[in-house]
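Trainee: Given next are the chains, with one letter for each unit.
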Amino acid sequence: MNTTRGIMSNIEARSPKGRLILGLFLVILILTSIIVIFPFFFSFTAGLKNSVDISKPGLNLWPAKPIWQNYIDAWNRFKMVTMFGNTFIVAGGGVIAQLIVSTLAAYFLSRLKPIGVKLMMALVLVAMTVPRIAYLIPLYINLASLPIFHISLINTFWGLWLPYAVNPFMILVLKSAFDNIPRELYDAAQVDGASTFRLFFQFTIPLSTSIMLVLGLLSFISLWGDFLLPLLVLRDPTMQTISVRLYNLTRNYPINLHMAGSFIAMLPPLIAAIFLQRYMKGGLTF
Amino acid sequence: MMNQAEIALNPTPQVKRSISFFLKQVSSYLYFLPVLVIFGFMTFGPLITTVIYSFQQVNLGKPSVWVGIHNYVRMFGNPVFYTAWENILEFMLLSLVMGFMVPVVLALMVNEMRALGKFFQTIVYLPSLIPIAVALLVWRQIYSPDAGVLNSLLKAVGLHGQLWLQNAALVKPSLVVVMTWLGAGGSVLIYLSALQEIPTEIYEAAELDGFSPWQRIWYITLPLLSPRMQIMLILQIVTVGQVFTEPYILTSGGPGNASITPVLALYNTAFQNSDFGLASAWSVSLLVALSLFSVVYLWLSFRREKYV
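So the sequence lines, in the order shown, correspond to chains A and B. Our numbering runs 4 ahead of the 1-based position in the first sequence. Our numbering runs 35 ahead of the 1-based position in the second sequence.
These are calculated hints, taken from the structure and not from any lab test. Nothing here was measured: the structure is a model prediction, and the numbers come from that model. Keep in mind that the hints are not guaranteed to be accurate.
Said to hold, decoys possible - Computed list of lysine-lysine pairs in BS3-like fashion (alpha-carbon distance at most 30 Å, straight line): (1) A/K69 - A/K83; (2) A/K122 - B/K59; (3) B/K153 - A/K117; (4) B/K190 - A/K69; (5) B/K207 - B/K190; (6) A/K21 - B/K153.
Between the sequences and the hints, there should be enough to build the whole structure, so can you do that?
Mentor: So this is what it looks like as structure tokens:
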């Protein structure tokens, strides 16, 4: 955050006119924050109501008798431990797959640059522009029966990890990060006799851990909430992720339990984001 | 036999150098192999297959039958096709009117708040972090006609409750509100970083010359933000064009196809009607439409930064 000055200088900000404008901004921002936070708050309080109060019309912001037991019920009956575990495995495995594939590819594009590198780069860009939905059906068919190998990846975590491994954005960002490593460092290491792979594994990767961490966290948060692909791939309820499971359970359980479950489901990405805050300095460039 | 001079000029025999060069090329491609294999199975293969399937009647288990343009004829003859694309254009328009300037305005305000800005920035970003499906379940409750909080709030101040998701005229704006809530945070982050790239000397000079803050925003900030805004605009159009989860969970395309989108129609055709050939035709139409926008997006972003 630019603390020296924004559009108004610090002196102007202290002037009556400046205070008025800043006050206006503050009011609008606070109102916006209330609106933004509201669904979180709503699901939290709705989770505390009993099943009758939930359908009662009227503005009940806080129930008369908060039923904290609902949260424990939701945790147990929805088997949220399993769901959290599944989602963590899916998202975590996906991030690891992305990092492995992307770092190798970025090293190829950044350092190795053999013949045909421009064509490979173009392939990555094409993969980035095409939305996954456009080829969803053959992707699903491929997952149901992998060509050449003829194995089904439905109801397996690999059926999610492999599609998730495709992250052209990560490849491009890593490539530009690798580009920024000074050539002299590479030359020095090479003079000392490092092989290409050692240069990659013991040199480039350790130098890039911060960008890999940021990308990994961002990816984790995004994969945690993914809905369509897990909906299609994970048919077995014991393997399903939170989004899919909670959605499938809408019909069978009362709404207050649902809201409690939803609130719990919202917590882990928020915690991950707190970690992310320490690494992001108030903005994203692309 | 080479003399001393020739040996000095050609230190490496030609034959050995080309073999090691060749080996280096091949071993380099080993690094790109995971990308080629996985992308091939998961992205490029399916992409090509989609186009092929769109010309076939695809039967799982039995061989597919070539039907030429029959799928496309059916698709263009289906009134839902036109409804879906009309809807998506309306979504794009609504999201531009309701959702495009919101992150810009928020970013301007957040940037002005000095240290407090970080707090507001975090809050605005929160919705994009949670699983979309979970958030949508909560929003479905909020929009609920009888038990919903939104209607309760309106009634408490004397206004009438509305059928947010059941009224064909209201359903699209209601969905766009949710989409804005979900997406504004990320855009605010991007605009914030753009705002911080603007050199503060320009503002100082303008302030000394007597420009009011609003004039500074209008003549300095917005023009400098404009390239970033162009890119975000295209990105927003492409993202809204693919919207699926919101209509799927909140309205299932209803009421009566008022909120059906091309991707939702594609999903229904493929996974409810099991008509993969027709669904592939839908995919190709989606691909063509979105590619046009994506190409513009890439062209605009390459004008700003060179990647290769």
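Trainee: Are the hints correct? Go through all of them and say.
Mentor: A quick look at each hint next to the structure:
1. A/K69 - A/K83: holds, 25 Å
2. A/K122 - B/K59: holds, 17 Å
3. B/K153 - A/K117: violated, 41 Å
4. B/K190 - A/K69: Between B/K190 and A/K69 the Cα gap is close to 23 Å, so the pair holds against 30 Å.
5. B/K207 - B/K190: With a Cα-Cα distance of about 22 Å, the restraint between B/K207 and B/K190 holds, given a limit of 30 Å.
6. A/K21 - B/K153: holds, 23 Å
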